[in-house]
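**Student:** Let chain V serve as the given structure and place chain L on it in line with the hints.
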Amino acid sequence: MVFADLTFLYLFLPLNLLLYFAVPHNRWRNAVLTIFSLVFYAWGEPVWIILLIFSATIDYFHGLGIAKYPGTKIPKLMVASSLILNLGLLGIFKYSDFFISTINSITGLSIPLMGISLPIGISFYTFQTISYVIDVYRGKVPAQRSYTKFLMYVSMYPQLVAGPIVRYSSVMAEVENRKLSFGHFSAGVSRFCIGLLKKVYVANHAGELASIYLDGDLSKLSTPAAWFGLLMYTLQIYYDFSGYSDMAIGLGRMFGFSFPENFNYPYISRSISEFWRRWHISLGSFFRDYLYIPLGGNRHHLARNLLVVWFLTGMWHGASWNFILWGLFYGLLILLERLLLGKTLCRVPVINRLYTMFCVVIGWALFYFTDFSRLGQFLQILFGAGGASDPVLGITLQNNLFWLIGVAAFCAPLAPTFWSWLLGLMRTDAGIESVGWVQTLMNVFILVACTALLVGQSYNPFLYFRF
Amino acid sequence: MKKEHFEHTGRKGSSWKFTMVNSIGFCLALAVFGVLSLCLPKASFSEVEKRELAAKPTLSVESVFSAQFMKEFSAWFADTFPWRDSFISTAHLLEDVRGIRPDEIKVYEAKPSAPAQQGTSAKEEEPAPSTKRPRPEHNTPELPQEQSAPSTQPEGDHIVVTPPDEDAVGYLMDNGIFVFGQRAVNLFGGSHQMAGYYAQTLNSYLDEIDPSVQVYNMVVPCSSEFYLPSRYQASSADQWENISFIYSQLDERIKPVDAYNALAAHADEYIYFNTDHHWTALGAYYAYQEFCKEAGLTPAALEEMEARTREGFLGTFYTQTGDPVLAQNPDNLTYYIPDTQYENYIRMKDQPDSFTRFDSIWGEMASMTNSYSIFLYGDFPLEKIVTEHKNGRKIVVVKESYGNAFVPFLLPHFEEIYVVDQRYFQTSLVELMEENGVTDLLFLNNVFAANTAYHIDRIDSLKHQVWIPPQTKEAGEDE
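Protein sequence lines correspond, in order, to chains V and L. Going by my numbering, the first residue of the first sequence is number 1, and it counts up by one from there. Going by my numbering, the first residue of the second sequence is number 1, and it counts up by one from there.
Here chain V stands alone, though its shape is the one from the complex (with noise of 0.2 Å):
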């Protein structure tokens, strides 16, 4: 299942939603939401549940043995365990046929590609149990004795599928006891909102008209085309990912967890290292605190240690080169920047910021084809081997113009400025209340817009009989 869609908000959420307040204790609420966690995992991958289960199971006994066995050379064996089973778990399900078809391309073997579907999730939940392990081994965070917490932990539908990766330390307390409030509920109502906007007014759209572009003919599609519908795959990729992790962290509060920021307008970044301190936060931290420190970071082996980690990077995100492609591009840059550029260009005002949004649109060309011939059809074409002009194109940008100039200025932090000026100006406690009420205006607003775009996405007039 997925969160912008008519069947969650109108059926899951309210049943979740009731179930969940109307059973008293916190216990009978962990109840309820792994149960119901497991029902939307299995809405779509009603199988592959059975990894998720198996994968929540080995680690909650991994992190028991570390707990019991301290001081022996038991709690290495079950971290050593737990890699070995979860990154054999994504080895197999989705990197197995990336790995046979390599082999087969060098070797000139034809080895059968096994044809395995990637479960949904799965490259998510395996990196938090991991990290719960290898916390539980550091000592930052006590096992958890209880399967049933540990499971809710793990299937937590909220972060399940997109993210953002929760660490177990961040939500101990909460999967323990958690204070539900009002206050708490409405600012996660407000956040599932606007994640909602995000996804449906602006990153489904966007993505149409990146389709436009990017998927057809690419001998017929100019330059400035070419341009537009990057940059439409650019916002897509942002308004979408950032706009599931609101929707996250929205219905997370709800149900009384603080879940991390994944995101913090990555599009102003004046620098790639910055960018991937915005972007996608959970997971750059998962490979700065699991895989880039522990190689010796940037005190030995620099190089080294970039290219692991970003070529690891590149490959979490995809079984396909390109994507690796795109992650060593970034350790690439990443590495200059600590070299040479962090301490001159990154400096220099505005250039910085074109710098790096230039290298970022760059990269999702890089992210976006998977076929290696189109991208290289694609570069030239960015760079001047497509037409020059494009009437057709004048339009579009017009019919959108006001819808175009939005989406770039909500990539600045523009939300929370306006909301920290309105709140200053209404310093009493009724000025206050009334911008609380503006806000439940919008998330009205929000919905009904949402729903009826939702609907619309339904709507699919059968056109084999216009000719």
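Warning: the hint list may mix true and false statements.
With a straight-line cut-off of 27 Å between C-alpha atoms, the simulated DSSO-like cross-links for lysine-lysine are [stated by the list, open to error]:
id, chain 1, residue 1, chain 2, residue 2
1, L, K17, V, K179
2, L, K255, L, K111
3, L, K394, L, K255
4, L, K384, V, K220
5, L, K384, L, K349
6, L, K390, L, K293
Cβ-to-Cβ under 7 Å is the rule here; a few derived chain L residues that face chain V [stated by the list, open to error]:
id, residue
7, W16
8, S23
9, F26
10, S37
11, L40
12, K42
13, L94
14, E109
15, I209
16, Y336
Some chain V residues well away from chain L (every beta-carbon gap over 10 Å; in silico) [said to hold, decoys possible]:
id, residue
17, L51
18, S81
19, F98
20, M114
21, R145
22, L302
23, R304
24, V350
25, M357
26, L397
If you're looking for bench data, these hints aren't it; they were derived computationally from the structure. Every residue, glycine too, gets a C-beta built ideally from N, C-alpha and C.
**Tutor:** This is chain L only, laid out in the frame that chain V set:
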């Protein structure tokens, strides 16, 4: 990164009144709509979309384990959401306020037929369900509803009937829809390759049919040729050039009917609909005059026919785009009834030996988005019109839906008219012509169809196709 400012402003978050309203209101809104969506009566067919809405799936162990049940359930829930039509109109409005219309122009660019790449792991959208079944363009309660039309492909020495691709939009040489002012047109993307294939296919008929049969070809331009603002003409391929190329490739025994210039001369009249891709009956009338020249006939005067008008026609350009400006400016569909007595027999899909008799050729119950189905009731495998004029001339018109507005004008001139829809006709055209002593054969296609492989393939296979009853079809494929 702090999103919840209210917690940092002195009073505790939960003591604000709006937080209660925001929380409870949100839950209530979702719950009430959820309950309504389950309780209210559900539609099963969408007139505007011309398709069956997704049906509630039946629960079974297999369908749950394959996730098919969940996909179909979500599709059903969305397709039958309460006040769906109002929400859809709202969605079209929300889409429209995204920007401005320079010179009142809005483009709806065609989506590429290749499936979109899925790049990010954050996008895990469920694929569209494949349960949606098409219905034809007519809305006649007394007629059995057709399923999707079959296409036939020769395979070895027998012909296998297979349903056309669900995502058949890829067949169309369509470059998107352009709305300017109150008029929509679609951008043409034909090619010499397709045009040549079309001409060659028509030529191949000459070897198969009696040499005494006179063959005509009429390729009708579409409205973008005449109305697309000149600045944007480059976005649409040149239809005149394409049609001329077809005509230059035709065998000299096939008489070309120059509908293009007949229409061009009247481009300032109401010869094409604004909200629909078809021509009007008036446009078809000018082409008919041109046809009469080639066929040695004297055209009937328009004034001698009874004109009737159906107002409030919102056609395919509207249903595809939902454009609010088009919605405000519906078309009027005028049809002209020739002064001829006739009987009309319609052959339904999968009933190749029988006809259903109709007293009229006008499907006057059609309205709104279906109004074009007033002409000949819409598209059928075969319509046979027998007139009072026992002059021995019998014509077969092989057409797509453009032919529907044209055929009524032929009534005063032919004893029998066989209207063959190239998409749905299921038996052998050559046999039909031989059995009935047909004297004239007219191919009538709009320029998009004449550049669309699917249509041309169909015209080609009409000649000798053999109908295989549906129940034996699977057995045939298993061989």
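**Student:** If we take the beta carbon of V/R304, is the closest beta carbon in chain L still more than 10 Å away?
**Tutor:** 27 Å, holds
**Student:** Minimum Cβ distance from L/Y336 to chain V below 7 Å?
**Tutor:** 23 Å, violated
**Student:** May I ask you to check that V/M114 keeps its beta-carbon over 10 Å from the closest beta-carbon of chain L?
**Tutor:** 19 Å, holds
**Student:** Per the CB criterion, is L/S37 less than 7 Å away from chain V?
**Tutor:** 6 Å, holds
**Student:** Please verify that the nearest CB of chain L lies beyond 10 Å from V/L302's CB.
**Tutor:** Correct as stated: the minimum Cβ-Cβ distance to chain L is 28 Å, above 10 Å.
**Student:** Does V/V350 really sit off the interface, with its C-beta more than 10 Å from all C-beta atoms of chain L?
**Tutor:** Non-interface label stands for V/V350: nearest chain L Cβ at 24 Å, farther than 10 Å.
**Student:** L/E109 was flagged as interface toward chain V. Is the shortest Cβ-Cβ separation under 7 Å?
**Tutor:** 5 Å, holds
**Student:** Does L/K384 pair with V/K220 here, judged by a C-alpha cut-off of 27 Å?
**Tutor:** 45 Å, violated
**Student:** Do the numbers back the hint for L/K42, that is, is its least Cβ distance to chain V under 7 Å?
**Tutor:** 13 Å, violated
**Student:** Please work out if L/K255 and L/K111 have their alpha carbons no farther apart than 27 Å.
**Tutor:** Roughly 37 Å between the alpha carbons, so the hint for L/K255 and L/K111 is violated.
**Student:** Verify the proposed pairing of L/K384 with L/K349, using a straight-line Cα cut of 27 Å.
**Tutor:** Cα-Cα ~14 Å, so holds.
**Student:** Does L/K255 lie within 27 Å of L/K394 when you go C-alpha to C-alpha?
**Tutor:** 17 Å, holds
Hint violations for this structure: numbers 2, 4, 11, 12, 15, 16 and 26, all remaining hints satisfied.
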